[in-house]
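K.L.:
Protein chains in written order, with our numbering: chain A, 1493 to 1697; chain B, 1493 to 1697.
These are calculated hints, taken from the structure and not from any lab test.
Think of the CB as a built atom: it goes at the ideal place given N, C-alpha and C, for glycine as much as any other residue.
Hints may be right or wrong, so weigh each one.
The following residues of chain B were derived to be distant from chain A, with all beta-carbon distances above 12 angstroms [unchecked claim]:
(1) K1541
(2) D1551
(3) A1554
(4) K1561
(5) V1564
(6) R1571
(7) H1605
(8) P1606
(9) R1616
(10) R1618
(11) V1623
(12) Y1625
(13) G1627
(14) G1655
(15) A1662
(16) D1692
Reference excerpt, derived from the structure (chain B facing chain A, CB under 7 angstroms, subset only) [as the list claims (entries may be wrong)]:
(17) A1534
(18) K1610
(19) L1663
(20) N1665
Every beta carbon over 12 angstroms from chain B, so not counted as near; a handful from chain A, in silico [stated by the list, open to error]:
(21) E1558
(22) S1585
(23) D1607
(24) T1672
(25) D1692
(26) F1695
(27) R1696
Number of protein chains: 2
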Amino acid sequence: MQRHPARPPDLPPPAPPDRGIGSIGAGPSVAVASGAMNLYDATVPVFTKLLSNIETWIDKAAAHAEARKFDVDVIAGARLAPDQYPFVRQVQSACDQAKFTVAKLTGKEPPSHPDTEKTMAELRQRIHTVVAYLGSFKREEFAGAEERPCSHSWMGGKSLPGGDYLHHFALPNFHFHLTTAYDILRHNGVSVGKMDYIVDLPFRA
Amino acid sequence: MQRHPARPPDLPPPAPPDRGIGSIGAGPSVAVASGAMNLYDATVPVFTKLLSNIETWIDKAAAHAEARKFDVDVIAGARLAPDQYPFVRQVQSACDQAKFTVAKLTGKEPPSHPDTEKTMAELRQRIHTVVAYLGSFKREEFAGAEERPCSHSWMGGKSLPGGDYLHHFALPNFHFHLTTAYDILRHNGVSVGKMDYIVDLPFRA
């Protein structure tokens, strides 16, 4: 994934390698220019990476299904409780949350994606569609997004400033569905681990 | 929960109530003064609310256990897979992630909390301890946190700027453990739903 080019070049040095727990005392607090923080960075690259990564999970589910001689789409319909969404709907929900979040933060009308997928192959297509949509956003479109009033159909007309919308609603909701999709695979014996969730960290050093 | 007092008073009006899906076209993009976005808002109130809310889940687990005549601490040890952390360790991990995140973003040394809890009652105490620690942080301590180099013991000495640390690592990790704790309850028949996860949204209007 490309990092955006807007990082200033004169950053403080990273924590030295003998400080395994990191930044503690590693450097002074850095005053940054307005605009260094932009909700693009908190959304588009994160959603793109994590949604794309579901395909790795589906690959592992397919390998598991093949080894055990069952149809991987049985897992597409698997749930952790009878009144909970199955895997396919968890992935659809994560896709929708990503789509709605970037649209609302930038004041756009999101496209409609009917939840018609039933198979892992169809879920891959849904992921590609949403990732392509995320790729159409530009960093500058998120200027001021942290204060833009954002709402959701079940908020009864009430709204939150974009920063609160993101951290109190959108990211919890996105990770809620993404982790539950992961947990459904985990419960069904697919060999996923946390390092299949926390992937491709954009280290600076 | 108290909202921080630093919001500028001259905000745009919220979306009108007849725009159920929210901000689309509801107002212009708003340029905000530097400092309006502060990672305190993305961490301390969110972690405090969501960790405290686990007690509501434990209350529901206790009611379920009492109705079915089993010891609720059986659920404290429940897992979704034999090689996955049980509920108690998922909650401990979420507590630790919250603690480490606010410490690293502000350049502090976090306190050590040995993972000795085995019961729901002990988990409640662990939550209280971490929530009290979160409450000791002030918004101004997060100035510049988005660019502060942050690391974690398993990053091999590498670091991320605080904003990336938060959105690529800390929040995914926090919600990963919190949602898995939730999913363990859900799988064991406790009557929790998504509205027990996405709680107390700080609506502006």
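K.L.:
Work down the list of hints and note, for each, if the structure agrees.
P.N.:
How the hints compare with the structure:
At roughly 8 angstroms, the least C-beta separation between B/K1541 and chain A is not larger than 12 angstroms, which violates its mark as non-interface. At the 12 angstroms boundary, the C-beta of B/D1551 stays outside the reach of chain A, the nearest C-beta of that chain being 19 angstroms off. Separation of B/A1554 from chain A is adequate, the least Cβ-Cβ distance of about 18 angstroms exceeding the 12 angstroms criterion. At roughly 21 angstroms from the closest C-beta of chain A, the C-beta of B/K1561 stays outside 12 angstroms, upholding its exclusion from the interface.
The beta carbon of B/V1564 is kept farther than 12 angstroms from every beta carbon of chain A, the shortest such distance being approximately 18 angstroms. With a minimum CB-CB distance of about 9 angstroms to chain A, B/R1571 fails to clear the 12 angstroms threshold, and the non-interface call is violated. Under the 12 angstroms C-beta cut-off, the non-interface status given to B/H1605 relative to chain A holds; the minimum distance is some 14 angstroms. B/P1606, annotated as away from the interface, keeps every beta carbon of chain A farther than 12 angstroms; the closest lies near 16 angstroms.
Listed as a non-interface residue, B/R1616 keeps its Cβ farther than 12 angstroms from every Cβ of chain A; the least gap is roughly 22 angstroms. For B/R1618, the condition that its CB be more than 12 angstroms from all CB atoms of chain A holds, with the nearest at approximately 20 angstroms. The non-interface label for B/V1623 is consistent with chain A: the shortest C-beta to C-beta separation is roughly 17 angstroms, beyond 12 angstroms. Against the 12 angstroms criterion, B/Y1625 stays outside the reach of chain A, whose nearest CB is about 15 angstroms from its own CB.
No beta-carbon of chain A is positioned within 12 angstroms of the beta-carbon of B/G1627; the least distance is around 18 angstroms. B/G1655, annotated as away from the interface, has a beta carbon of chain A within 12 angstroms; the closest lies near 6 angstroms. Annotated as non-interface, B/A1662 brings its C-beta within 12 angstroms of a C-beta of chain A; the closest such distance is 10 angstroms. The claim that B/D1692 lies off the interface is violated: its Cβ sits roughly 8 angstroms from the closest Cβ of chain A, which falls inside the 12 angstroms cut-off.
Because the closest C-beta pair between B/A1534 and chain A is about 4 angstroms apart, less than 7 angstroms, the hint holds. Hint status for B/K1610: violated, given a least beta-carbon distance of 22 angstroms to chain A, over 7 angstroms. The interface hint given for B/L1663 is met, as the beta carbon of that residue sits about 6 angstroms from the closest beta carbon of chain A, less than 7 angstroms. The closest approach between the C-beta of B/N1665 and any C-beta of chain A is roughly 6 angstroms, which is under the 7 angstroms cut-off, so the hint is satisfied.
Residue placement check: A/E1558 keeps its beta carbon more than 12 angstroms from all beta carbons of chain B (closest about 20 angstroms). The Cβ of A/S1585 sits about 9 angstroms from the closest Cβ of chain B, inside the 12 angstroms cut-off, so the non-interface label is violated. A/D1607, annotated as away from the interface, keeps every beta carbon of chain B farther than 12 angstroms; the closest lies near 16 angstroms. The Cβ of A/T1672 sits about 6 angstroms from the closest Cβ of chain B, inside the 12 angstroms cut-off, so the non-interface label is violated.
Annotated as non-interface, A/D1692 brings its C-beta within 12 angstroms of a C-beta of chain B; the closest such distance is 8 angstroms. A/F1695, annotated as away from the interface, has a beta carbon of chain B within 12 angstroms; the closest lies near 4 angstroms. In this structure A/R1696 is not separated from chain B by more than 12 angstroms, as the shortest Cβ-Cβ distance comes to only about 6 angstroms.
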